[in-house]
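Student: Now for the letters of each chain:
2 protein chains.
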Amino acid sequence: MKTNQKRFFLSEKEIPTQWYNIQAEMPNKPMPPLHPATREALKAEDLYGVFCKECSRQELDQQHPWIDIPEPVRNLYRTYRSTPLVRAYGLERALDTPAHIYFKNESVSPVGSHKLNSALAQAYYCKQEGVTNITTETGAGQWGTAVAYAAQVFGLEAAVYQVKISYEQKPYRRSIMQLYGAQVIPSPSMSTRAGKDILTNDPNNQGSLGTAISEAIELARETPNCKYVLGSVLNHVALHQTVIGLEAEKQMEMAGEYPDVVIGCFGGGSNFGGIAFPFMRHNLSDGKQTRFVAAEPASCPKLTHGKFCYDFGDVAGYTPLLPMYSLGHDFMPANIHAGGLRYHGAGVIVSQLLKDGLMEAVDIRQLESFSAGILFAKAEGIVPAPESCHAIAAVIREAERCKLAGAQKVILFNLSGHGLIDMTAYDNYLAGNLRDYEYTE
Amino acid sequence: MKTNQKRFFLSEKEIPTQWYNIQAEMPNKPMPPLHPATREALKAEDLYGVFCKECSRQELDQQHPWIDIPEPVRNLYRTYRSTPLVRAYGLERALDTPAHIYFKNESVSPVGSHKLNSALAQAYYCKQEGVTNITTETGAGQWGTAVAYAAQVFGLEAAVYQVKISYEQKPYRRSIMQLYGAQVIPSPSMSTRAGKDILTNDPNNQGSLGTAISEAIELARETPNCKYVLGSVLNHVALHQTVIGLEAEKQMEMAGEYPDVVIGCFGGGSNFGGIAFPFMRHNLSDGKQTRFVAAEPASCPKLTHGKFCYDFGDVAGYTPLLPMYSLGHDFMPANIHAGGLRYHGAGVIVSQLLKDGLMEAVDIRQLESFSAGILFAKAEGIVPAPESCHAIAAVIREAERCKLAGAQKVILFNLSGHGLIDMTAYDNYLAGNLRDYEYTE
Numbered sequence: 010m011k012t013n014q015k016r017f018f019l020s021e022k023e024i025p026t027q028w029y030n031i032q033a034e035m036p037n038k039p040m041p042p043l044h045p046a047t048r049e050a051l052k053a054e055d056l057y058g059v060f061c062k063e064c065s066r067q068e069l070d071q072q073h074p075w076i077d078i079p080e081p082v083r084n085l086y087r088t089y090r091s092t093p094l095v096r097a098y099g100l101e102r103a104l105d106t107p108a109h110i111y112f113k114n115e116s117v118s119p120v121g122s123h124k125l126n127s128a129l130a131q132a133y134y135c136k137q138e139g140v141t142n143i144t145t146e147t148g149a150g151q152w153g154t155a156v157a158y159a160a161q162v163f164g165l166e167a168a169v170y171q172v173k174i175s176y177e178q179k180p181y182r183r184s185i186m187q188l189y190g191a192q193v194i195p196s197p198s199m200s201t202r203a204g205k206d207i208l209t210n211d212p213n214n215q216g217s218l219g220t221a222i223s224e225a226i227e228l229a230r231e232t233p234n235c236k237y238v239l240g241s242v243l244n245h246v247a248l249h250q251t252v253i254g255l256e257a258e259k260q261m262e263m264a265g266e267y268p269d270v271v272i273g274c275f276g277g278g279s280n281f282g283g284i285a286f287p288f289m290r291h292n293l294s295d296g297k298q299t300r301f302v303a304a305e306p307a308s309c310p311k312l313t314h315g316k317f318c319y320d321f322g323d324v325a326g327y328t329p330l331l332p333m334y335s336l337g338h339d340f341m342p343a344n345i346h347a348g349g350l351r352y353h354g355a356g357v358i359v360s361q362l363l364k365d366g367l368m369e370a371v372d373i374r375q376l377e378s379f380s381a382g383i384l385f386a387k388a389e390g391i392v393p394a395p396e397s398c399h400a401i402a403a404v405i406r407e408a409e410r411c412k413l414a415g416a417q418k419v420i421l422f423n424l425s426g427h428g429l430i431d432m433t434a435y436d437n438y439l440a441g442n443l444r445d446y447e448y449t450e
Numbered sequence: 010m011k012t013n014q015k016r017f018f019l020s021e022k023e024i025p026t027q028w029y030n031i032q033a034e035m036p037n038k039p040m041p042p043l044h045p046a047t048r049e050a051l052k053a054e055d056l057y058g059v060f061c062k063e064c065s066r067q068e069l070d071q072q073h074p075w076i077d078i079p080e081p082v083r084n085l086y087r088t089y090r091s092t093p094l095v096r097a098y099g100l101e102r103a104l105d106t107p108a109h110i111y112f113k114n115e116s117v118s119p120v121g122s123h124k125l126n127s128a129l130a131q132a133y134y135c136k137q138e139g140v141t142n143i144t145t146e147t148g149a150g151q152w153g154t155a156v157a158y159a160a161q162v163f164g165l166e167a168a169v170y171q172v173k174i175s176y177e178q179k180p181y182r183r184s185i186m187q188l189y190g191a192q193v194i195p196s197p198s199m200s201t202r203a204g205k206d207i208l209t210n211d212p213n214n215q216g217s218l219g220t221a222i223s224e225a226i227e228l229a230r231e232t233p234n235c236k237y238v239l240g241s242v243l244n245h246v247a248l249h250q251t252v253i254g255l256e257a258e259k260q261m262e263m264a265g266e267y268p269d270v271v272i273g274c275f276g277g278g279s280n281f282g283g284i285a286f287p288f289m290r291h292n293l294s295d296g297k298q299t300r301f302v303a304a305e306p307a308s309c310p311k312l313t314h315g316k317f318c319y320d321f322g323d324v325a326g327y328t329p330l331l332p333m334y335s336l337g338h339d340f341m342p343a344n345i346h347a348g349g350l351r352y353h354g355a356g357v358i359v360s361q362l363l364k365d366g367l368m369e370a371v372d373i374r375q376l377e378s379f380s381a382g383i384l385f386a387k388a389e390g391i392v393p394a395p396e397s398c399h400a401i402a403a404v405i406r407e408a409e410r411c412k413l414a415g416a417q418k419v420i421l422f423n424l425s426g427h428g429l430i431d432m433t434a435y436d437n438y439l440a441g442n443l444r445d446y447e448y449t450e
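Keeping their order, the protein sequence lines are chains A and V.
Mind the numbering: the first sequence is residues 10 to 450 in this note's numbering, read in order.
Mind the numbering: the second sequence is residues 10 to 450 in this note's numbering, read in order.
The following block holds chain A by itself, in its conformation from the complex (with noise of 0.2 angstroms):
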């Protein structure tokens, strides 16, 4: 079939009813996660302190390949969903590459990005439980703004430790979750211990996430009813954005075409596993050959350049040991505008997947970025998020290889969302201020 329709949606009725969990059916399932003192493996109930239970069990699922999506969350996936699977043929045009171009555009969530997705469903388990406070981390602003809207629509309170650089270059973002009715603080802050700590040390201290993880979750733990929901990383919440992958699949099938490539941005995992995922589960069981590349700022490149260890998630050592590609949990990044990617380390199933050579990670550097997404403004229109530039930089040197091959290849990636929040870095970019980090162990 032979179609030059530009973009491919679902009916309602098509969006998926459950979600993809990888872990099932990996050849090597990931290592449990260790209680740091006694270095014991953790049950779910282990988690219940920080997280509400539903994700708990779902952290820690490795037999069921599928999981329902409750109706109430995919009612909420109805509002923008199925989002639009789009052939960027501007894009194909401007770099005069035979390779035939797809991206899934998560930017037209209400909220400009994939990370509604799995806020809604973690406020809506959250609600079941009783809960009445959640509380989170946000480095790009992205999914802190998903949590305010998502806590809002299921009557929750929401407070957001927003990382002090991000706070400080992407006011807007402040504004948009206090419009929802969320309380955003500046994190590293006086208002936890791990915090004060951190400024002790370092009153210059301009965050990460790993610092804001910290203190969100020592607040989740001192304050009754209240959980700790976190955008990435974990293995649930790369579950619950695998509705962007079933999706894509379905609408590749309406574009005629399969993807020889599927590219994400890669922070902590969550838009890359949500595109991934349910196309890698063809490689593990009917033998398709689809390479998966996950793309890394340069200046943060635990993939690339990271080891694979047990380590912390976060900056304080809250968290429990986690079986990752790391930088180490200390690890600062340099102040790059991609803060959706400033984390030290990989989530536990994409870890695993690259120790055994299911998928591939290039590091990109913070102009190249730049230059990619500004290309791409000016070929499709949309004015992509700093962290999606990364893909996007991944998508054009796959395509330039394959112009240089006069290779027809397929490409996929996850656009994950907007970058219209972010536009003082394009500024930035823009007039020359903005500048590579080199990445030193």
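Quick caveat, the hints were computed from the structure, so don't treat them as lab data.
Check before you lean on any hint, since a few could be wrong.
Identical chains blur together in the list; that is why a pair holds if it fits in one copy or across any two.
Stated by the list, open to error - Quick list of in silico lysine to any residue cross-link-like pairs, SDA-like style, CA-CA up to 20 angstroms: (1) K316 <-> H338; (2) K15 <-> E80; (3) K136 <-> K387; (4) K52 <-> Y327; (5) K297 <-> P36; (6) K316 <-> I24; (7) K387 <-> P119; (8) K259 <-> R16; (9) K22 <-> M261; (10) K387 <-> D445; (11) K62 <-> T232; (12) K259 <-> S20; (13) K259 <-> E21; (14) K387 <-> E166; (15) K62 <-> N142; (16) K259 <-> F18; (17) K52 <-> Y319; (18) K52 <-> K387; (19) K412 <-> E266; (20) K15 <-> T26; (21) K136 <-> A388; (22) K259 <-> L19; (23) K136 <-> D77; (24) K52 <-> A33; (25) K387 <-> P81; (26) K387 <-> T141.
Using the hints provided, position chain V relative to the given structure of chain A.
Tutor: Quick look at chain V alone, frame taken from chain A:
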């Protein structure tokens, strides 16, 4: 047919192939534009100095109810059209109204508003006629962004005069236009005679659409191969925007309903006309009795408080005299955040329709508009543009009347754009720093 579907899309084949030219079917045709000196009726040729020829012809076309959309324009429409028609279940619940509320979501265009519908058409015609440079004004920045992108698509240079108050309130708007490659000048500026005259008399002049139009027209007149493109007010702009209402008509049919009331915010009339005119033709010919309500700001109320007269479209008096409801071409609107509605006059078609009792107008105060916008954002997730907030406020008034009367009316409105670039305005509103402005003659 009953459905609880949330969003309605058309296939790419169903995207309209023609725009609807209501001029040809109005019971009283609009009176002609007049030459300011001779007071003679202008012909299309008289407009060629400023506008491209095809737009000049469309402007005065009272013969043809249907105008073909050029294939390249329709092809670009496919990158974001059809825009979704959305049933606002969340807003209905929040208002506890028996009314069925629908909105046409034009905010999903790559530039965030309906403005692209006409920018693509005008840029295409300019390109066809050998024009190399286009220039325009922008109030809220929505039109300027659309022109910057459309110029880039067709390989034209763009110079945008951005109203100074907007330039200062919305620095991100400037960034986006520059990202697409446009030159952006705050207006009034010293780059034109009109701008110099204004600044000489009033050095702190904050600008208005009227001042920016004068500057852009002057640039177009005095630059070889440069044409002026306008984002509202004129007949051909409203013509291009009818793609909105034509799509909505088919989508309402999919929803199994027909609107009792159609609402749009009102600056010059492009988004209002775009959604209203295609439905109005059924009032004119098929005996439908839909009400059409334009929602204008109380501080710039030409429809509710202006006079029907021949007036200039700009401050300097460069335009022809137009028969319209006007507050006077030297009226300086208050600095409300809905920059796109800060214009002294109403389009010629809408003015005639209002005079003939075929539509209505309401005026909305700034604080009511933002309160409505935040209610909508919480209920539907989408942060509306300050302009669109006026339409939402009018919708809420209608829906509350429906509640009092127990009437299950069908309300359709146009969500002309999102407000993600206008978070400063929301910030100020939430902090209690915004105020209402009285209109005084």
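Student: With reference to the structure, classify each hint as holding or not holding.
Tutor: Against the structure, the hints come out as follows:
no. : hint          : verdict
1   : K316 <-> H338 : within (12 angstroms within a copy, 68 angstroms between copies)
2   : K15 <-> E80   : between (31 angstroms within a copy, 15 angstroms between copies)
3   : K136 <-> K387 : between (42 angstroms within a copy, 18 angstroms between copies)
4   : K52 <-> Y327  : within (16 angstroms within a copy, 76 angstroms between copies)
5   : K297 <-> P36  : within (15 angstroms within a copy, 64 angstroms between copies)
6   : K316 <-> I24  : neither (38 angstroms within a copy, 52 angstroms between copies)
7   : K387 <-> P119 : between (23 angstroms within a copy, 10 angstroms between copies)
8   : K259 <-> R16  : both (13 angstroms within a copy, 19 angstroms between copies)
9   : K22 <-> M261  : both (17 angstroms within a copy, 19 angstroms between copies)
10  : K387 <-> D445 : neither (23 angstroms within a copy, 39 angstroms between copies)
11  : K62 <-> T232  : within (17 angstroms within a copy, 68 angstroms between copies)
12  : K259 <-> S20  : both (11 angstroms within a copy, 16 angstroms between copies)
13  : K259 <-> E21  : both (13 angstroms within a copy, 18 angstroms between copies)
14  : K387 <-> E166 : between (40 angstroms within a copy, 14 angstroms between copies)
15  : K62 <-> N142  : within (15 angstroms within a copy, 61 angstroms between copies)
16  : K259 <-> F18  : both (9 angstroms within a copy, 17 angstroms between copies)
17  : K52 <-> Y319  : within (17 angstroms within a copy, 78 angstroms between copies)
18  : K52 <-> K387  : neither (49 angstroms within a copy, 37 angstroms between copies)
19  : K412 <-> E266 : within (19 angstroms within a copy, 50 angstroms between copies)
20  : K15 <-> T26   : between (26 angstroms within a copy, 17 angstroms between copies)
21  : K136 <-> A388 : between (42 angstroms within a copy, 18 angstroms between copies)
22  : K259 <-> L19  : both (8 angstroms within a copy, 18 angstroms between copies)
23  : K136 <-> D77  : within (17 angstroms within a copy, 53 angstroms between copies)
24  : K52 <-> A33   : within (16 angstroms within a copy, 73 angstroms between copies)
25  : K387 <-> P81  : between (38 angstroms within a copy, 17 angstroms between copies)
26  : K387 <-> T141 : between (44 angstroms within a copy, 18 angstroms between copies)
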